[in-house]
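Participant: Chains as they are written, first to last, in this note's numbering: chain R, 154 to 734; chain U, 3 to 215.
It is worth saying that the hints were derived from the structure and are not from the lab.
It is possible that part of the hints are untrue.
Claimed, not checked - Pair ranges (Cβ atoms, derived): (1) U/Ser136 <-> R/Arg504: 36 to 46 Å; (2) R/Thr546 <-> U/Lys126: 25 to 35 Å; (3) U/Lys126 <-> R/Glu598: 37 to 47 Å.
Please read all numbers here as calculations on a predicted model, not as lab measurements.
For every residue, glycine included, the Cβ atom is placed at its ideal position computed from N, Cα and C.
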Amino acid sequence: MQIQMLNQFEHLQLFRDKLFKGQFQELFASSMAQSLKLDQFLLFEIVQDWVQVPSLVLCASTGVFPSEIMIPVNNMLLDDIDESCGAWFIPDLIDPPSKMIDLSRYVSRLGGRSMLVNQVELNGDVRGFLVGYSEELRNFCINDLQFFSLLTFSMNLLVENSQLRMDGCFRESESQSFEMISLALVENKNLDKTLTLIANKTVQLLQAHDVLVLLLEEGGEWFRVQGRIGESVTHLAHRRLTVRNSLNGRVITTGQPLISQDAQIDPRADQKRAIGLNARSVIIAPLLIREQVIGTMAVHYHDDSYFREQDVIALCSFANQASVAIDNSRLLKALLKSQKDIEEKAKTLQRLLKETINIQENERRRIAADIHDGVVSQIIGALYELEAWNQLTPSECINDRLQLLKQLLNQAIENTRTSIYNLWPATLDHMGLLPSLQELFKHQEKLTNLRHRIQVFGEPYRLTSAIQIAVYRIVQETINNVFQHSSADKIDMQICFSERKVSFRVSDDGQGFNVQEILQSRHADNFGLIGMRERAQSIGGDLYIESEPGKGCRITIDIPIADALSEGLPRNDPNTGTDSR
Amino acid sequence: MTPIRVLIVDDQAVVRHGLRSMLAGAADIEIVGEVSNSEETIQLAVDTRPDIVLLDIRMPGMDGLLLLKKLSAELPEIKVIILTNYEEEQFLLEAFREGAYCYLLKNVRRKTLLEAIHATKAGKRMLSQDLVDSILKQYADLSRLHSLDEFCLSDNEVALLKLVAAGSANKEIAQKLFWGETAVKRKLSLIYEKLNVTNRAQAIAVAMRHGLI
Numbered sequence: 154m155q156i157q158m159l160n161q162f163e164h165l166q167l168f169r170d171k172l173f174k175g176q177f178q179e180l181f182a183s184s185m186a187q188s189l190k191l192d193q194f195l196l197f198e199i200v201q202d203w204v205q206v207p208s209l210v211l212c213a214s215t216g217v218f219p220s221e222i223m224i225p226v227n228n229m230l231l232d233d234i235d236e237s238c239g240a241w242f243i244p245d246l247i248d249p250p251s252k253m254i255d256l257s258r259y260v261s262r263l264g265g266r267s268m269l270v271n272q273v274e275l276n277g278d279v280r281g282f283l284v285g286y287s288e289e290l291r292n293f294c295i296n297d298l299q300f301f302s303l304l305t306f307s308m309n310l311l312v313e314n315s316q317l318r319m320d321g322c323f324r325e326s327e328s329q330s331f332e333m334i335s336l337a338l339v340e341n342k343n344l345d346k347t348l349t350l351i352a353n354k355t356v357q358l359l360q361a362h363d364v365l366v367l368l369l370e371e372g373g374e375w376f377r378v379q380g381r382i383g384e385s386v387t388h389l390a391h392r393r394l395t396v397r398n399s400l401n402g403r404v405i406t407t408g409q410p411l412i413s414q415d416a417q418i419d420p421r422a423d424q425k426r427a428i429g430l431n432a433r434s435v436i437i438a439p440l441l442i443r444e445q446v447i448g449t450m451a452v453h454y455h456d457d458s459y460f461r462e463q464d465v466i467a468l469c470s471f472a473n474q475a476s477v478a479i480d481n482s483r484l485l486k487a488l489l490k491s492q493k494d495i496e497e498k499a500k501t502l503q504r505l506l507k508e509t510i511n512i513q514e515n516e517r518r519r520i521a522a523d524i525h526d527g528v529v530s531q532i533i534g535a536l537y538e539l540e541a542w543n544q545l546t547p548s549e550c551i552n553d554r555l556q557l558l559k560q561l562l563n564q565a566i567e568n569t570r571t572s573i574y575n576l577w578p579a580t581l582d583h584m585g586l587l588p589s590l591q592e593l594f595k596h597q598e599k600l601t602n603l604r605h606r607i608q609v610f611g612e613p614y615r616l617t618s619a620i621q622i623a624v625y626r627i628v629q630e631t632i633n634n635v636f637q638h639s640s641a642d643k644i645d646m647q648i649c650f651s652e653r654k655v656s657f658r659v660s661d662d663g664q665g666f667n668v669q670e671i672l673q674s675r676h677a678d679n680f681g682l683i684g685m686r687e688r689a690q691s692i693g694g695d696l697y698i699e700s701e702p703g704k705g706c707r708i709t710i711d712i713p714i715a716d717a718l719s720e721g722l723p724r725n726d727p728n729t730g731t732d733s734r
Numbered sequence: 003m004t005p006i007r008v009l010i011v012d013d014q015a016v017v018r019h020g021l022r023s024m025l026a027g028a029a030d031i032e033i034v035g036e037v038s039n040s041e042e043t044i045q046l047a048v049d050t051r052p053d054i055v056l057l058d059i060r061m062p063g064m065d066g067l068l069l070l071k072k073l074s075a076e077l078p079e080i081k082v083i084i085l086t087n088y089e090e091e092q093f094l095l096e097a098f099r100e101g102a103y104c105y106l107l108k109n110v111r112r113k114t115l116l117e118a119i120h121a122t123k124a125g126k127r128m129l130s131q132d133l134v135d136s137i138l139k140q141y142a143d144l145s146r147l148h149s150l151d152e153f154c155l156s157d158n159e160v161a162l163l164k165l166v167a168a169g170s171a172n173k174e175i176a177q178k179l180f181w182g183e184t185a186v187k188r189k190l191s192l193i194y195e196k197l198n199v200t201n202r203a204q205a206i207a208v209a210m211r212h213g214l215i
């Protein structure tokens, strides 16, 4: 008798084991099987994924394989399967009992007329059916039934043996894979290499065609292909795939593994994509880092394949290993980056400190020069005039000399005031920020003809003293920069008090500059800008510089209101920044 | 009698004006020009051939001391009076090294300024009275340092000598300095050796003569 196996069903659990084939053949060639005088024996396996209805799949036949090998069965067959034991005898397939109706019709279509059926069990679970049929109407005797039961019993043993062998192989190869992966993880090789190793082992163990490791991108709309093995997915290197309406997306949402018997017709799947990737049966496991789903790992089969629970468990284990690799690599990257950031920050701070000291020293030098050239010179001048009060030149009278003295002393007083104002604007203490800024702009306009305009939006409220000083100094520095570098004619200031923040914006119509270039250059002037930003950050705010050559410059200071409000004062103090004493 | 020709160099107009006023009544002094920056000074000096330049140290651009150096090198016949607000000795010493004749603080009296101009014309040197004291003190310090160097005495040893000079006995000294009496004796004999003397009285005499105590 010719035994046929269904080759394209290599993935059927029973037929992964090569030994089983030989034993199967031997069994039906035995005299006991022959003595039943049946025309064909058929072996069916029950396949059942977690979602779809159970089917019987023909996995071995002593005759020619039919084109139809899968029989969807109603649940009745399986419902009370446990209660029945022993063989069924269906004398006429034209009139079968209702629970056997699907199977009977199938056998009938193959040309059977009478059949014997028995359940094939594995570890007490019914895993399939053994069918023997005759093309003639037959009346089986009790002996036949007993023989058939014996045959089925042998079949059970074969299946069980086979299962044990396969389980052993699977476990061994699984543990080998995990050992290798663990080693790779410990050695902390680069992420791509580790993922490739994991993917390779997954494909081998699960006998899949392709495997994909997909990472969720920020925003959750896209997957990035992080790892892949298999011919049908090679072209996906560094590609992105949409998350929406895909099986992988579903795994992201549920955080649970998923099986699809045929992704090309599965309504949950992105069917076009499945067709494009030549993927039919797929298993997908989530990649989890600290209970967060960060991506998926999917194995694809190019055919209609069937899985056991342990396949899913194995895939989940591989996915966990991949997650650890990804997590490690991310942590390492973050660690290196934060280390670098800290170093950068420390360097910048050191430079700033140096620059701050320079600025302070320059300021002192400037003030010393101011006093020397201004006040002291005027007083010396006055002293000389006084010293020579009786040395009048012919054209001069004593009144002229006194007038000159008065003028010199007044100038000295005026200069002293300016020096004091430069040291510390008294208006800040007495009047608050807005009047001080107005004063500052007016002062600059008087000195340098730099025209200005100040606009205030929103209902002003009083700011903390630290913020007032910081904003004042930043604006002062900005005005100095504008005057020194921009050749601007006009400078505008907008102050905006809103619910969430207070913003100060200074814009000029000068020549502008390339912001990145200035910030990155090691030139001393850029410390002004960096220092201004640091100062803004020191009061919980931030500073933005917008400029382009030829387009002026705009500097914005944003301070969140939580940091900005002066404590213990009402939000809507009508005397903006005016001392409420 | 030909008047003394004076050129005023100061960047502050009020100061130049004041100097003109001060010198206006002096018949023997002629102001030949005034200039507000170092760069034009040399040329003006060449053109006007002054006897004396009144020069400020603090000037924009090239400072006064550098200008002084240039003037001394290029026009050595011109004598320079430094007129400044800086009383730091380092400026003063540098100014004299570079050939200045007088170093006056700006709050100078008219009388002193005239004296200085005349003294300079006569080739004498002068200092503001305030500066004389500090210079002398510095000289004393210098000579003391020099002696300390010469005798290789440490501060401790000088302190010990002071106590000896004040008439303290070894026992008292030992108590004051928290030393043993033998230590005091040993240290004293070391000091005698350094000063090349043999007893207390000689040691005090040498130390006082050299300004050590």
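Participant: Range first: 37 to 47 Å. Now tell me if the beta carbons of U/Lys126 and R/Glu598 are that far apart.
Facilitator: violated (54 Å)
Participant: Has the hinted range 25 to 35 Å been met by the Cβ atoms of R/Thr546 and U/Lys126?
Facilitator: holds (29 Å)
Participant: Starting from the range 36 to 46 Å, see whether the pair U/Ser136 and R/Arg504 falls in it by beta-carbon distance.
Facilitator: holds (41 Å)
Violated hint: 3 only; the structure is consistent with all others.
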